[in-house]
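Colleague: Protein chains in written order, with this note's numbering: chain G, 457 to 790; chain B, 228 to 396; chain W, 68 to 564.
Rather than coming from a laboratory, the hints here were simulated on the basis of the structure.
Note that the coordinates shown come from a computational prediction; the quantities given were computed from them, not determined experimentally.
We put the CB at the ideal spot given by N, CA and C, even for glycine.
One or more hints might be untrue.
Stated by the list, open to error - Cut-off 16 Å, straight-line C-alpha distance, at most; resulting in silico cross-link-like pairs (EDC-like, lysine to aspartate or glutamate): (1) G/Lys-609 x G/Glu-629; (2) G/Lys-747 x G/Glu-690; (3) G/Lys-569 x G/Glu-773; (4) G/Lys-603 x G/Glu-629; (5) G/Lys-593 x G/Asp-700; (6) G/Lys-547 x G/Asp-728; (7) G/Lys-609 x B/Glu-273; (8) G/Lys-689 x G/Glu-751; (9) G/Lys-539 x G/Asp-570; (10) G/Lys-486 x B/Glu-377; (11) B/Lys-305 x W/Asp-498; (12) G/Lys-486 x G/Asp-544; (13) G/Lys-689 x G/Asp-700; (14) W/Lys-496 x B/Glu-308; (15) W/Lys-496 x W/Glu-292; (16) G/Lys-642 x W/Asp-516; (17) G/Lys-513 x G/Glu-745; (18) G/Lys-539 x W/Asp-266; (19) G/Lys-596 x G/Asp-710; (20) G/Lys-705 x G/Glu-597; (21) G/Lys-630 x G/Asp-712; (22) G/Lys-635 x G/Glu-597; (23) G/Lys-486 x B/Glu-390; (24) G/Lys-705 x G/Asp-682; (25) G/Lys-630 x G/Glu-782; (26) B/Lys-386 x G/Glu-489; (27) G/Lys-596 x G/Glu-706; (28) G/Lys-635 x B/Glu-273; (29) G/Lys-569 x G/Glu-772; (30) B/Lys-321 x W/Glu-291; (31) G/Lys-539 x G/Glu-489; (32) W/Lys-496 x W/Glu-291; (33) B/Lys-321 x W/Glu-292.
What the hints assert, rightly or not - Chain W residues, not near chain G, derived (Cβ > 12 Å throughout): (34) Ala-69; (35) Asp-76; (36) Leu-87; (37) Ile-92; (38) Leu-95; (39) Gly-171; (40) Leu-323.
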Amino acid sequence: MSTKTILRAAALSAAVALTGSPAMAWEPTKTVEFIVPAGTGGGADQMARLIQGLVQKHNLMKQSMVVINKGGGAGAEGFLEVKGAKGDPHKIIITLSNLFTTPLATGVPFNWKDLTPVRMMALDQFVLWVNAETPYKTAKEYVAAAKAAGSGKFKMGGTGSKQEDQIITVALEKQTGAKFTYIPFKGGGAVNTQLVGKHVDSTVNNPIEAVANWRAGKVRPLCVFDNERLIYKEKIAGDMAWSDIPTCKEAGVDMDYLMLRGIFMAGGVTADQVKYYSDLLEKVRGLPEWKEFMEKGAFNQTTMVGDQYKNWVAKEEQRHMQLMKEAGFLAASK
Amino acid sequence: MSDNHSHDRSAASTRTLELVVAALIFLLGAIAAYDGNRIGAGWGIEGPQAGYFPFYIGLIICFATAVIFVRALWDRAKAREMFVSRSQLLLVFKMLVPSILYVVGVGTIGIYVSSTLYIAFFMLWLGRYTWIRTVPVALGVSVVFFLLFEVWFLVPLPKGPLEALLGLD
Amino acid sequence: MAEIGLLFDGFGVALSPFNLMLMFIGVLLGVIIGVLPGLGGANGVAILLPLTFTMPPTSAIIMLSCIYWGALFGGAITSILFNIPGEPWSVATTFDGYPLAQQGRAGTALTAAFTSSFIGAFVAVLLITFLAPVVAGFALQFGPPEFFSVYLLTFCAFVGMSRGQALKTVVSMMVGFGLATVGLDTVTGQLRLTFGFTDLLKGFDFLIAVIGLFGIGEILLTLEEGLFFKGTRAKLSPRVVLETWKELPRYWITSLRSSAVGCFMGIVPGGATPASFMSYGVAKRFSQDGDKFGTGKVEGVVAPETAAHAAGTSALLPMLTLGVPGSPTAAVLLGGLLIWGLQPGPLLFVEQTEFVWGLIASMYLGNIAGLIVVLTCVPLFAAILRIPFAIIAPVILVICAIGAFTVHTSVADVYLMLVFGVAGYVLRKLDYPLAPLVLALVLGDRAEDSFRQSMLMSQGTMSIFFSNALVGGITTLALVLLFWPTIAALLKRARGG
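Given these sequences and hints, build the entire structure.
Modeller: Next comes the structure, spelled out in structure tokens:
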């Protein structure tokens, strides 16, 4: 190699180092706090701890990540914490529908606009379940039976009050004219057990909360609250797969509802910082463990970033406002 | 226990404390009843409303503390009884005042620095230990907790400017 | 029996050197977590959960459940030595454990606590081994009215046991209920008694109140008498273990009864904390020297510890068979199972036999490992009391502050702890009993939720609490226990006349 080429190569590499090296990108400089606006053991908590574990296992981040539960006031505690941490790039938060429902129902002053959307990780489905020993095979039959029994005779179990489960219940009532007595419990697992024990007549559990009892033949899915069927074709119970559950629209109830499982940061952070977490989470999404978890819980694996995500969230907020207004769930001050 | 210290002068009579405490708890009860009433304390077709329990709990508290208050007012024996003697109170304050400063410190200068200072202060002032014995204990405890929580359990505890300076936060 | 064969296969899985090592590490970590108030079993397991993603699921659950055992054991240590319950279910252990330590019998109290824990957990594991399917079905019977009747039963078993003025007992209990209502109302989703304060959104945590009222309050009371703890001359010889063991068989009825109470409460799932209170209340009521409870009776340590551990252990059963966590820690373990790709539920016992029986075998082994670890440390723990007051008092306060902070990672809770401490000091001196406050705080919102859920179901009629044999039976039992002194007197008169 001639001296000239060596010099040229050196100059070239120096230029690369100056302009476009990835080492210049932002990286966390201390422990990242991963806030969960819900208690330990719930769906959001599980997902956060899975992400934490995968980041750690595959060495995706130099600094460590810790999960902190701040579930007080239907998650308001966690959201207010992140709202108050404006400009702090070492805090991320996982959200569920309480991002919209909590401020609307309780009047606690925060809004998703106080946060910076990073990435939508998945959407959680809702399925209408009944006890397997009941005769109802379709949503239509069940709704007809609820109507025939009279107003408030059928009990719908759900998680929390004025949150997603009750919103779906009210929307279902609006659509069909049936009237349920909604009974709020503290966790999705407990709700499903109440259904197996026949203390309630139906639930709108997420797939992951009910799948074990479905496989054991204790509960039966009637329809999924989405515009399209689930994509998972593996047989779960007998010859039924997730993809065999009809949509509620097919079953004559025009209602769809999906719950956001997305990651946000505090407000006032830089684009670089958002990109770092967005890329990190994309790596997590690519891992086989993550894919397995998605399949187990029959999640809708839609992912979004940037403006697309922001627009989605904004639209969803409007929708919640509308749904909750119709249901009479808005806090008195609004 | 008060007779051990009967030579001490009394800092407050039991009756005084009884009255103050009853009044404070009465206030708590009143607050609960007020807010319970605000959000609805009725019993509808859906059972008790959200404010039903706070409202009646508040009322019961108010009623019971009012009775305790009135009874204490007429209780001559309690008026003579010593709640706490001055020397006892002094001892309690010796613990309480540094503790108040300590928890304030937890929120401002961080739990580790605050704990080190607190333990050191206690050993030097109340225990009359020498610096040579105090410093290792006070530092040692904080270092052990730091390792335990920040490093092994990954539980972030409140930290202050010193940790930021050292890059430990 | 098929179970025996499967269990031995399980022992084969659990007894690998790697798993044994994890077991001991787990127990040790658990004891540390249990000793530190606030950093409870649930937190501890949650924190360490991600570490286990790199292990095979069976090893991971063995380690995590051993942390759980360790935490169960560890909770008693600070309760007995300093009147600070390391875990919620150790509150009732302080009632007699701490007086014992003050009398210089810390070693006895610790040994009794650990041994009872072992027995309670052992009975529960036997139950899981042989009766899992039957028992799981039983848990399904529990809807809101049944839960309410169980909470009522806990209350009635415990109430009336506190000494002091009746009026002050009422105030104390109502303050507890009142504090429990602060925060979000589950049934309507409304905020109550928060007045716009962010720090009140999460409500008053039971642990903060307990650390303050019992722990800090006790330090302040102790101070009045001078700068030292009582009971510093605790026996340090390991022989104390054997001596206590000689005494323990006397309380076999209490052990048996407490195990039953604990297993029942674990399976329902009502939780370990109510179980310990209920068991203490029942033991006091039916023991021959029940009126001496609270002054340092070994039996008063045996009852709550046995029940707490029986409940804590059997709480894993509804988790495994129904996917319903019987305790916060079980909830976190449940999340772990899902992440490892295991599906708790009715089919887990059928499909994952190696995992399930490995876990059950590890319950036996972990329990034994835990007992060995803590018993050998009894003299060491008792020796902590010999550390001079000027060192140990600030260290305890630091531990309390860390504990209060970690419950909700909130500095406001640390201030609150100190407020509760002063309140505890004043209230104790004025003869307000604190135990009813604590019990009301821990059960208040759960009892209210289940009551109002029941009312929703029945559309406001109370007869739902007698609507079937199960709920009617428990409600009646609760009422009988509440009026037991009257009933006992009547029975006596009937027998006499």
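Colleague: Taking the hints in turn, state whether each one holds.
Modeller: Evaluated hints:
1. G/Lys-609 x G/Glu-629: holds, 13 Å
2. G/Lys-747 x G/Glu-690: holds, 14 Å
3. G/Lys-569 x G/Glu-773: holds, 10 Å
4. G/Lys-603 x G/Glu-629: holds, 10 Å
5. G/Lys-593 x G/Asp-700: holds, 13 Å
6. G/Lys-547 x G/Asp-728: Cα-Cα ~15 Å, so holds.
7. G/Lys-609 x B/Glu-273: holds, 13 Å
8. G/Lys-689 x G/Glu-751: holds, 10 Å
9. G/Lys-539 x G/Asp-570: holds, 6 Å
10. G/Lys-486 x B/Glu-377: The hint holds at about 12 Å.
11. B/Lys-305 x W/Asp-498: holds, 13 Å
12. G/Lys-486 x G/Asp-544: holds, 11 Å
13. G/Lys-689 x G/Asp-700: Given that 16 Å is the threshold and the Cα spacing comes to 8 Å, the pair holds.
14. W/Lys-496 x B/Glu-308: holds, 12 Å
15. W/Lys-496 x W/Glu-292: Holds. W/Lys-496 to W/Glu-292 sits at ~13 Å (cutoff 16 Å).
16. G/Lys-642 x W/Asp-516: holds, 9 Å
17. G/Lys-513 x G/Glu-745: Distance of about 11 Å is within 16 Å: holds.
18. G/Lys-539 x W/Asp-266: holds, 14 Å
19. G/Lys-596 x G/Asp-710: Holds, at roughly 12 Å.
20. G/Lys-705 x G/Glu-597: Status holds; Cα separation ~14 Å.
21. G/Lys-630 x G/Asp-712: holds, 13 Å
22. G/Lys-635 x G/Glu-597: holds, 15 Å
23. G/Lys-486 x B/Glu-390: Given pair G/Lys-486, B/Glu-390 holds - Cα atoms ~11 Å apart, limit 16 Å.
24. G/Lys-705 x G/Asp-682: holds, 8 Å
25. G/Lys-630 x G/Glu-782: holds, 9 Å
26. B/Lys-386 x G/Glu-489: With Cα atoms ~14 Å apart, B/Lys-386 and G/Glu-489 stay inside 16 Å; holds.
27. G/Lys-596 x G/Glu-706: holds, 10 Å
28. G/Lys-635 x B/Glu-273: The given pair, whose Cα atoms are some 14 Å apart, holds under the 16 Å limit.
29. G/Lys-569 x G/Glu-772: holds, 13 Å
30. B/Lys-321 x W/Glu-291: holds, 11 Å
31. G/Lys-539 x G/Glu-489: holds, 14 Å
32. W/Lys-496 x W/Glu-291: holds, 11 Å
33. B/Lys-321 x W/Glu-292: Holds - the C-alpha atoms of W/Glu-292 and B/Lys-321 are around 13 Å apart, at most 16 Å.
34. Ala-69: holds, 20 Å
35. Asp-76: Non-interface label stands for W/Asp-76: nearest chain G Cβ at 23 Å, farther than 12 Å.
36. Leu-87: holds, 24 Å
37. Ile-92: At roughly 18 Å from the nearest Cβ of chain G, W/Ile-92 sits farther out than 12 Å, so the non-interface label holds.
38. Leu-95: holds, 22 Å
39. Gly-171: holds, 40 Å
40. Leu-323: holds, 29 Å
Checked against the numbered hints given earlier, the structure satisfies every one of them.
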